[in-house]
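So the protein lines, in turn, are chains B and Y.
Each position in the first sequence, counted from 1, maps to that position plus 1465 in the numbering used here.
Each position in the second sequence, counted from 1, maps to that position plus 1465 in the numbering used here.
Fair warning: there could be bad hints in the mix.
Pairs involving identical chains hold if they fit within one copy or between any two copies, as the list cannot separate such chains.
[Claimed, not checked] Think about it this way: if two alpha-carbon atoms lie no more than 27 Å apart in a straight line, the pair counts; the simulated DSSO-like pairs of lysine-lysine are:
1. K1781 - K2125
2. K2125 - K2057
3. K2057 - K1508
4. K1809 - K1826
5. K1781 - K1886
Treat the hints as calculated values from the structure; they're not laboratory data.
2 protein chains.
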Amino acid sequence: MKTILGKFRYFAVPAFLILFLPCAADEGMWTFDNPPLKPLREKYGFDAGQEWLDHVRLASVRFMDGGSGSFVSPNGLVLTNHHVAVGQLQKMSTAEKDFVSVGFYAAKPEDESPCPDLEVNVLVSMEDVTARVRSAVSDKMNAEQALRAREAEIAAIENECQEKTGLKPEVVRLYHGGEYWLYRYKKYTDIRLVMAPERMAAYYGGDSDNFTFPRYDLDMAFFRVYENGQPVRPEAWLKWNAAGAGEEDLVFVSGHPGSTDRLYTLAQLEYQRDLQYPMILKYIGRRIDILHEYMKAGPEQHRRGLIQLFGLENSKKALSGEYLGLLDPSLFVKKKTEEDALRKTVASKPEWKKAYSGAWKNIEKAVARQRERARHNFYRRVIGSRLYSTANQIAFYTAETVKPESERLDGYHASQLEELKFHLFSPAPVYKDLEEANLAGCLKLSLEELGPDDPFLKLVLNGRTPEAAAADLIRGTGLESVEMRKRLIEGGRAAVDTCRDPLVVLARKLEPTVREGIQWRKKNVESVMSAGTEQIAQAVFAAYGKDQYPDATFTLRLSYGAVRGYPMNGTLAPCKTTLYGLYDRALSFDRKGDFEPPARFWDRLDSLNLATPVNFVSTCDIIGGNSGSPVLNRSGELVGLVFDGNIESLVGRFVYDDAKNRTVAVHSAYIIEALRKLYDASGLADEIEGK
Amino acid sequence: MKTILGKFRYFAVPAFLILFLPCAADEGMWTFDNPPLKPLREKYGFDAGQEWLDHVRLASVRFMDGGSGSFVSPNGLVLTNHHVAVGQLQKMSTAEKDFVSVGFYAAKPEDESPCPDLEVNVLVSMEDVTARVRSAVSDKMNAEQALRAREAEIAAIENECQEKTGLKPEVVRLYHGGEYWLYRYKKYTDIRLVMAPERMAAYYGGDSDNFTFPRYDLDMAFFRVYENGQPVRPEAWLKWNAAGAGEEDLVFVSGHPGSTDRLYTLAQLEYQRDLQYPMILKYIGRRIDILHEYMKAGPEQHRRGLIQLFGLENSKKALSGEYLGLLDPSLFVKKKTEEDALRKTVASKPEWKKAYSGAWKNIEKAVARQRERARHNFYRRVIGSRLYSTANQIAFYTAETVKPESERLDGYHASQLEELKFHLFSPAPVYKDLEEANLAGCLKLSLEELGPDDPFLKLVLNGRTPEAAAADLIRGTGLESVEMRKRLIEGGRAAVDTCRDPLVVLARKLEPTVREGIQWRKKNVESVMSAGTEQIAQAVFAAYGKDQYPDATFTLRLSYGAVRGYPMNGTLAPCKTTLYGLYDRALSFDRKGDFEPPARFWDRLDSLNLATPVNFVSTCDIIGGNSGSPVLNRSGELVGLVFDGNIESLVGRFVYDDAKNRTVAVHSAYIIEALRKLYDASGLADEIEGK
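Work out the full structure, taking the sequences as your base and the hints as a guide.
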């Protein structure tokens, strides 16, 4: 099993706990094997038949970078967000031609632009393997042995699947161990960019407007999926509905929420509040400072740093919102009430009490251990450099892949190697000056936090300043060469052990420390917590049945809700915005900064229908990773494109509140209006409208 | 002295305490005798000369209904808010012709429409009379005697002034007794309506958008002031500047803030939080329910109730915001820090300690007394009926005016009678069905709160249900007749005593109770508190000097600040909005309810310049009563028209925070664009633009 956390829109905070909220309101990110049929029927009079569900599932696409999308034509056209595509846009760009800022449109198939290292997946089938995974564990094992046995069994299931079906396997741990499912994916790696607007149209309002509503963003991008050099004919694709959805209409979101922590125990929540969030926010703040400094140097540096900066600012805003939620005492009151209720229920039956009641105490103990090493674990890392990660992965690859399957670390099982190498050998450009600035800054932060006598820092710095160490390491490495990476992987451990590249040497030296950290964590934290959360999951199933949805795991989920405004800042936010509002916001800020749309918006103002809806909100329950998900109507037609949540939704990592939590989407009508009237892309509009 | 609290936009909560905040930021509602010269010079490099100040003062107008305005042409044209004018608009309207909903424009002088009972004032001169008022009080008097002596002296000053100058006198208690000033006003009562747009243009967004920003309201109305049948030639009037003010420009507001409570002692604030606000909010909520029920009956009932409903909803929103501020523990922390600092300073000098340190304890005692009777004082009143107020005033008039000046209640001194009669004899329509509904509902509330055995209720209801009592009283009264009111006043006490009109009989019966209440309050609360606050005021002058502004008293004040957006709901609010935004908001709500502008906005859409700024915000410090104030630039030109504060400004009753507190104004350009292109009122536009 590979734990893939949606990395997009946030820095993943590990999710360990199960959900046992009574699902009132439009709450929930439901798996396709357990869709919310009952509330849909009772609240909305809607019956989601198996055909409807299969169609939606097969038209949904996962972006392995972090993000979601959907097929929107029979010719493999995929719609997602600009901000999901923007990493690829940057990789395609150069100082001379910056597709991020000017946009891209291939009117003819031959102009479609291959992406350096993009992978998308379609969920083909799912199988419950809980019994098989459980059978690997015996009562005689301690928590650590049990964890190892489970991991080995999962690796075996995944390897078997790949050999038999050729599909990409993923054993998913749902309900934090309550269930294990084998998900089989069709994997595509020949993805070509078809169309993306300018970033200033997609990300209109910038960091200020990010995670807020009312909003006016054209946050879209189109890719085409190829197989064997031809556009793929997907099993399912979504019909376009340019009329969109009206107020109070039932809508759905099908996508890949990254992670939620809706039912951390109180002990885990306190850990997040007291340690994890303050540390991460400090780290992100520093990274932003480093980038601002770097980007000052000139326009090319600005271009190179911009997308990283976006990611960091985005994370900062999201995490700050989540952190504010944690600081609100009412959240803890709510959580405590729920936890107390469950524990009381568990205590009410002797067999439940025996089987489950120890879980909370055990998790509390594991959290206590976690606290001990929290700061060390955070700052004793070489962070900020992609090249160092590459060196580290090469070192581990050569060490792990010679071991028998059952002894390998997760990430290095046979079935995972193809994907690992796809990323390891990515030809995407590496900006060494940016790498150096990031590495120096992050080492400096570690030095401030740990002091010069820390053994980790002594090893890394070796008497040098952070700046000098970063310069030596980054300027001295040759790992920007894909050829060199391939040579090392092919040469195996011997090649790594004799390599004199400074980053490879450092990775080798740090390997024992890293391994010790992983083992320590597995033994003292992960094994205990996963046993505890699994017990709680079983307690919940026993007590409340399976009218539950699991915490998000970057796997396909179905959310539902109504198109609806909400109370905001003393007044009402409407359920949608229009093009009039885009111009209002531009002129309200005197067309300054992030509030100046691209020139074509002014040049073609007269040709636009300003009443066109631009963005709209619904009560659907989503989180980072859902970016790019389609919004669907009852007929399974596409009426919108998810690109954000409102500021009130950020606390949604921990609790969902349908009074204010909203999904923000691009309206289907705006996409058509923009393609036809702003971007001269009628060919593309015709394709998605089936004309 | 008459205590005139701005009643507009809120239910007045008595203000007793002085302000001794260090005035950083753009804080303060400054008197024209003590303008903020220092911060203006230091922060904005602006020197407000005496000429500039006199000009602004003489161009400023007070609406005695509650509200502000300014002369904007040499021919007596006055600009104010639609919501300041709306009471008069309703009084002019009938079931057949509703000027509130369709608007009004007199293109020719002869079409200008006289107002039934509107009075406006211009502040002609000011004189410090502190020494004279103080001299009336001797050390041998107790607090109650001192209060009475001061009141008698003030009445004498006011009477003298009126006799000598013919001007309207008002002795104003500033700094809660730190100073007394005689303000002399030129009074006008022949006021004619020139222009008002439809309410849906003025109050676009309705109660939802009230007290919020971004905003798109044309909240304006034009009157012309007449004297001797001719348009008055005002001493000063404001030049129009249709370019308006840009971001960060220095601007001023000259107007009449009603009341603030910026430096209540902690004891007083707790009283407000624990008793006053919950009671008032409950009462207003009930009044709103009564009105909704009444207005359901038909379109004419809807028309009759609408403006009262507006006032109540407006108060509810304002008071709710203030109450939320009081419930925020950080407000009390801030207030406690300030109070502790002042008390420590006072304690540091023996002479200060002796003179002032007892004040807080005395106020605390008075508050304790106030608490005892709070609920009784609130519910033992006949409220909700204008006709009952009239009866009550007639009874008191005939009793008070036969007494010597020094023994009369405030409101019945010789210099106050003209104005009292102006309102008492107003020919404005009275809707008896609405009076009855209100009276019945309010009696019902008192019954719920006090129970059937309460002596007040026994007296009022006399065995009847609230509904039956209200029906008897309102249907049986003839007081809607101005003639009858005149006859009673002219007939004196004998006429009142023999009158068998049920409302007059009730007023007569309740008179002893009302008098007892007034005396009890004077003796136990007012006299002690006013002595205490006066001591604190003197302590502040001693400790901090006079770089202070007094709490608002519905007298002319100058505020200053910059045109500036603010952080809002996770993003930025711009400093202005445009016409594009009005259409966006309309279409965002599918043109429903309060978000549908009048038809002319659609009919003439093509002719409008949608980039026209509509509303804008500044850091100027204002509160209810400032409605209709001009916004001025450095040259004293009119660049805007104050009509609201943002939701973040509501806590401004207690504290000012320049990070978020904003004044919301109509942009001068929108007024011109609307007059010329929407309302075919180019004549009026020419007049104010001096063309």
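Structure-based check of all given hints:
no.	hint	verdict
1	K1781 - K2125	both (21 Å within a copy, 22 Å between copies)
2	K2125 - K2057	between (30 Å within a copy, 21 Å between copies)
3	K2057 - K1508	between (45 Å within a copy, 25 Å between copies)
4	K1809 - K1826	within (14 Å within a copy, 51 Å between copies)
5	K1781 - K1886	neither (30 Å within a copy, 64 Å between copies)
The structure is inconsistent with hint 5 alone, although it conforms to all the rest.
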